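Kindly generate the complete structure, drawing on both the sequences and the hints.
Protein chains: 2
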Amino acid sequence: MSLVEVLFGRKLANREFGRRQIGAFEGVPAMGLDGLGSSAYGPEAALTILVPLGSASFAFIGWIMGPILALLMILFLSYWQTVRAYPNNGGAYIVAKENLGANASLLAATALMVDYILSVAVGISAGVGALVSAVPILHSYILPLCLGILALITVANLRGTLDAGRLFALPTYLFVASFVAILAIGIVKSVMAGGHPHPVIAPTQMPKATETASLWLLLRAFASGCTAMTGVEAVSNGMSAFREPRVAHGHRTLSAIVGILGVLLAGIAYLAVTYKIGAMDQTQAGYRSVLSQLAGAVIGNGVFYYVAIGSLLCILALSANTSFVDFPRLCRMVAQDGFLPKPFAIAGRRLVFSVGIIYLAATSGLLLLVFAGITDRLIPLFAIGAFTTFTISQTGMIVHWRRALGQAGGKTAANRSHFWINAIGATTTGLALVVIVIAKFAEGAWITILVIPCVIVLLKLIRSYYDELESQVRDSKPLELHGSGPPIVLVATENWNKLTDKALGLALNLSPDVIAVHLSHLSGPEVEERGRDLRAQWHTDVENPAKDAGYAPPRLVILPAQHRNIHEPILKYARELRAKFGDRSIAVLIPEVAKQHWYQSILHGFRAYRLRSALLRDADPWLTVIELPWHMGERR
Amino acid sequence: MSLVEVLFGRKLANREFGRRQIGAFEGVPAMGLDGLGSSAYGPEAALTILVPLGSASFAFIGWIMGPILALLMILFLSYWQTVRAYPNNGGAYIVAKENLGANASLLAATALMVDYILSVAVGISAGVGALVSAVPILHSYILPLCLGILALITVANLRGTLDAGRLFALPTYLFVASFVAILAIGIVKSVMAGGHPHPVIAPTQMPKATETASLWLLLRAFASGCTAMTGVEAVSNGMSAFREPRVAHGHRTLSAIVGILGVLLAGIAYLAVTYKIGAMDQTQAGYRSVLSQLAGAVIGNGVFYYVAIGSLLCILALSANTSFVDFPRLCRMVAQDGFLPKPFAIAGRRLVFSVGIIYLAATSGLLLLVFAGITDRLIPLFAIGAFTTFTISQTGMIVHWRRALGQAGGKTAANRSHFWINAIGATTTGLALVVIVIAKFAEGAWITILVIPCVIVLLKLIRSYYDELESQVRDSKPLELHGSGPPIVLVATENWNKLTDKALGLALNLSPDVIAVHLSHLSGPEVEERGRDLRAQWHTDVENPAKDAGYAPPRLVILPAQHRNIHEPILKYARELRAKFGDRSIAVLIPEVAKQHWYQSILHGFRAYRLRSALLRDADPWLTVIELPWHMGERR
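So the sequences go chain by chain: A and B.
Positions -18 to 617 (this note's numbering) are the ones given, in order, by the first sequence.
Positions -18 to 617 (this note's numbering) are the ones given, in order, by the second sequence.
Calculated from the structure, these hints are not laboratory results.
Keep in mind that the hints are not guaranteed to be accurate.
Copies of the same chain look alike in the list, so a pair counts if it works inside one copy or between any two.
[What the hints assert, rightly or not] Using 25 Å as the maximum straight-line C-alpha spacing, the simulated SDA-like pairs for lysine to any residue come out as follows:
1) K553 / E573
2) K392 / N70
3) K528 / R565
4) K528 / R455
5) K392 / F587
6) K576 / D601
7) K553 / G614
8) K483 / R591
9) K479 / R598
10) K576 / D448
11) K483 / L552
12) K257 / L198
13) K479 / L442
14) K483 / D494
15) K479 / G563
16) K576 / R591
17) K392 / V136
18) K323 / Y590
19) K323 / V574
20) K323 / S594
Small disclaimer: the values here were computed from a predicted structure and weren't measured.
This is the structure in structure tokens:
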């Protein structure tokens, strides 16, 4: 078993595709981590905005969390409908393409891609940030830890979604069980104490009020709290990962994710009021997150506390996984439409779209490197993509239902309610998007707003390249043959050895015109010459035996390689030959040691490969490249 | 001008090699930064060991620094002799190879390589550490800063040593001027004040003594202080970078480096005594380095102070550059002897040994990543290599002089003194090495001691591969030709288009036996079939025209690609053909879109390349690969 197989598992055949699909049990860890993880930072982001109100802020938590829960409900209903209407892939890209046209679909795809990449960086850096707060000795390792977790998630996903879903099930369900239990205990205590429970460990005291409540402040708090909803769209995007019956598995997964998220958000909001928990400033020493204060207040500082916080850390770090499931699938669809390079659409050795996975890992790794793995710097760029997607997707669904209403049919009442659900959803998420953009613009949202149109232009350029290629390469005429005869064969030699022997044997069987080209000065200016010996040997060891065997004797040409590269002198010589012999095509024959082991690439370098690539790139269409392997241990 | 040219400069021809060599002015920045930079951490390391003695330590500074200066003098004389005896390359590798044999030379080479890699990581992390202490806001960027500086130095060196020497001249000479001036002012003040000058800014108070002086403590302080000597060997290793007269330029550079280093070390030691400056604990808040305390005590906290400290930071960060000059040259020599892969011996586009530079950057970058850019964790691994090298090099010189003494000649007296200088040097550095190994073993020196023999084994394995290859590939017999005729040509097709057309045209001119192989299911399980259409089209558009033109009509074969890779079914089919047709050789013809622009590699993927590589790797010796480019815009 090779290292690749140990890391990534055995190669899978096409027929195994069905067995690799998942159900709801694996669906929640595979697609829900992003949504569930946002319960950790969504409420906290809203409470942070409310801090200037002091202890008066607790009166407003309900005003913020109520609309957020209502919006979550609307999104749930909307995606329930979308999953049924688009059972193969109900992502915003497909919905927009079918209902709003190519431009809207590209906007949706770009917004999603940007958000997926950010989601990976934010999730991992938030998890590592929390871990480092708990274990300060790791502080200088923030970036290596981020990159290590990224590598782990990447490898798990290159193995396949099924394995990733199973691998992440334990921390996911541990997190859900812990926090649902903590919330239940807290609610029971609160109700028993008449709404004024006594905290086991007191949460921090709220600072004095510095502002009074304004509509703008409440809107900003609402907009920040909306980050709790990122990730809800994951199920609709990832439908093709489910096994049959797809819609049922999708509905079950969506219900589980939204249900748990709703319970968590409502419970956190209620307990924040009864226990009087406020957000703290993350840059100050002694910072404790809202969920950490809440768990401490309800159950104290025992083993259970550490289990719960530990599972939360895992969830945050692994929430990146949701993007790893959906991003490659999205890229594949866009690539199939010709807007992304074709390799994004090719299933890899484990039947996942490896190029998309690797691309996601590389870009989010770069983001982590540029922002040094600090969550705060990444957050303002985030959530714009998600709300753009929500809005486009639901706008598309509005068109979908209006079209259904226009057609004759018995389901008019049902379709009318579908229509209104999506109309309300599109309006609300659209408004939230406007608020988010305005509130976060100067802090970094402008980067996202700048990147999205650039990516759209790039996607269109890619498509226009493929369109041009397709029109050039299309061929409807029958084969036309020119009797130009075999090409002139140039044999590239570095030394006189068995490789040259074998190459000359092949060349003489391919063409009557064979010329061996020896390059001098390849290794640099200080290496001495072997040309003269070679010429003498050529006469006795090549020309004479070739004549004896009835072949035209091959010629030897020695060219200097002043810039130490092989392809320029060969190409120059080939062009001279071409000019001399009119329409003859020319083949360059490169003998090389076959690289049967990985270390042979290192030991022999890539000279043969570089020569091949340079000739294929720079040469004119009449030139072709022949590579002849010579194996260690090969008999003459 | 391409991006590559902007970054790395235009490609240089072999004949420009002479003009790229350097003199002493560029030699000091190019080769002396490692040596000069160690004046910042060498004395500090010694003073740190003396801290438990409290204010009594000042009495011992002379006892430590005296032998270190004496040893530096011995090393200077020794390398002066070596540079003259080995004017082309007097590195420990060559000296050991000529005088002590292959094993000693490999030990020297390995010790040097390990030390060069560590030196890059230590230099950069020390510079960034100092910068971050001065500007605490950058603290979370330690690792990105380290990697950024590494990238900068790598690019500068890929441009060439000449450019690097010029680029780094300003900070080098600024550092030398600043600190020589500070030391001079301090010495004048000390002498005027009768040895008890009044500091402008008071250095830290020494803590109370917790130990009394023991021989072991003094030996440890001496061993730690010896780190001040790392880098002195650089000139002898880098001789080939000098222009003629080489020995004169080498002697001048060596004198300048050792002279400046000696002045700095002596001045620092003297002022540490008169101003009563001790080392502080780097992990404690308010830490100030010895040089920072010294500069503050002599000239206060003005502009000059910041210029001096700023140039010191540059020196530390750029001290990595010394390794970038010498490491690739060393690797090249080792590769020319067959102990490292051949690409290490090939001059790159700018006449530097690019593979060595890139390898050094990659390994030291990995070290920085693993140790998170923290100097303290790297230091214990360091200096063992340097002192191993000193000892081997001088032992080699002892043998050299003994041989010279054995021969008849008039210079017996001179050679005898040479002999004794090296004998004293070898003994002293050998003793220092033993002390360093014992004192640092548990802190990390064991890693270095473990790595060195592993690398030596690897070098010998590489050599044995080349020996085996050489013996197999050698060819002294004349060319033998078998009249096996042209190969069967398999044309790999994905679609029916102009590429296939062109490929068939070439194939029919090469061989009477042409078979087109179409692979189905390449993109994954969900892509539908085009096989049937293709077969019908084949008959009318290929077979008939080929017959009409007098060629044997090519056949079409459709193979399923169950694992989505192209090479396994083609190889299987080729093996069946081979079994059927005995000794016919087989060629696989791959038509592909020529990648004239970088983005075409991304847009077309690497399928043709991967097919070629897999066939060349896995196939039997009777198989050859023909690649035919098709250019965008090419006429039929």
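Quick rundown of the hints versus the structure:
1. Taking CA atoms no more than 25 Å apart as the test, K553 paired with E573 passes in both settings, with 22 Å inside one copy and 22 Å between copies.
2. Taking CA atoms no more than 25 Å apart as the test, K392 paired with N70 passes inside one copy only; the shortest distance there is 23 Å, against 90 Å between copies.
3. In this assembly of identical chains, the alpha carbons of K528 and R565 lie at most 25 Å apart whether taken from the same copy (24 Å) or from different copies (23 Å).
4. For the homomeric pair K528 and R455, the shortest alpha-carbon distance between copies (23 Å) is at most 25 Å, but the shortest distance inside one copy (46 Å) is not.
5. For the homomeric pair K392 and F587, neither the shortest alpha-carbon distance inside one copy (66 Å) nor that between copies (51 Å) is at most 25 Å.
6. Proximity of K576 to D601 under the C-alpha cut-off of 25 Å is restricted to the inter-copy arrangement: shortest distance 12 Å between copies versus 28 Å within a copy.
7. Only between protomers do K553 and G614 lie at most 25 Å apart by alpha-carbon distance; the minimum there is 22 Å, versus 35 Å within a single protomer.
8. In the homo-oligomer, the alpha carbons of K483 and R591 lie at most 25 Å apart both inside one protomer (21 Å) and across protomers (24 Å), since each shortest distance falls under that limit.
9. Within a single copy, K479 and R598 get their C-alpha atoms only as close as 29 Å, which misses the 25 Å cut-off; across copies the closest is 18 Å, which meets it.
10. Taking the closest pair of Cα atoms, K576 and D448 come within 25 Å of each other only across two copies (17 Å); inside a single copy the shortest separation is 37 Å, beyond that limit.
11. In this assembly of identical chains, K483 and L552 lie within 25 Å of each other by CA distance both inside one copy and across copies; the values are 23 Å within and 21 Å between.
12. Taking identical chains as interchangeable, the C-alpha atoms of K257 and L198 lie at most 25 Å apart only when both belong to the same chain, with a minimum of 20 Å there against 59 Å between chains.
13. In this assembly of identical chains, K479 and L442 lie within 25 Å of each other by CA distance solely across copies; the values are 23 Å between and 49 Å within a copy.
14. Taking the shortest Cα distances, K483 and D494 sit within 25 Å of each other both inside one copy (16 Å) and across copies (21 Å).
15. Taking identical chains as interchangeable, the C-alpha atoms of K479 and G563 lie at most 25 Å apart only when they sit on different chains, with a minimum of 23 Å there against 33 Å within one chain.
16. For the homomeric pair K576 and R591, the shortest alpha-carbon distances inside one copy (15 Å) and between copies (13 Å) are both at most 25 Å.
17. Taking the shortest Cα distances, K392 and V136 never come within 25 Å of each other, neither inside one copy (47 Å) nor across copies (68 Å).
18. In the homo-oligomer, the alpha carbons of K323 and Y590 lie at most 25 Å apart both inside one protomer (23 Å) and across protomers (15 Å), since each shortest distance falls under that limit.
19. For the homomeric pair K323 and V574, the shortest alpha-carbon distance between copies (14 Å) is at most 25 Å, but the shortest distance inside one copy (32 Å) is not.
20. Taking identical chains as interchangeable, the C-alpha atoms of K323 and S594 lie at most 25 Å apart whether they share a chain (21 Å) or sit on different chains (20 Å).
Hints 5, 17 from the list above are not met by this structure, while the remaining hints are.
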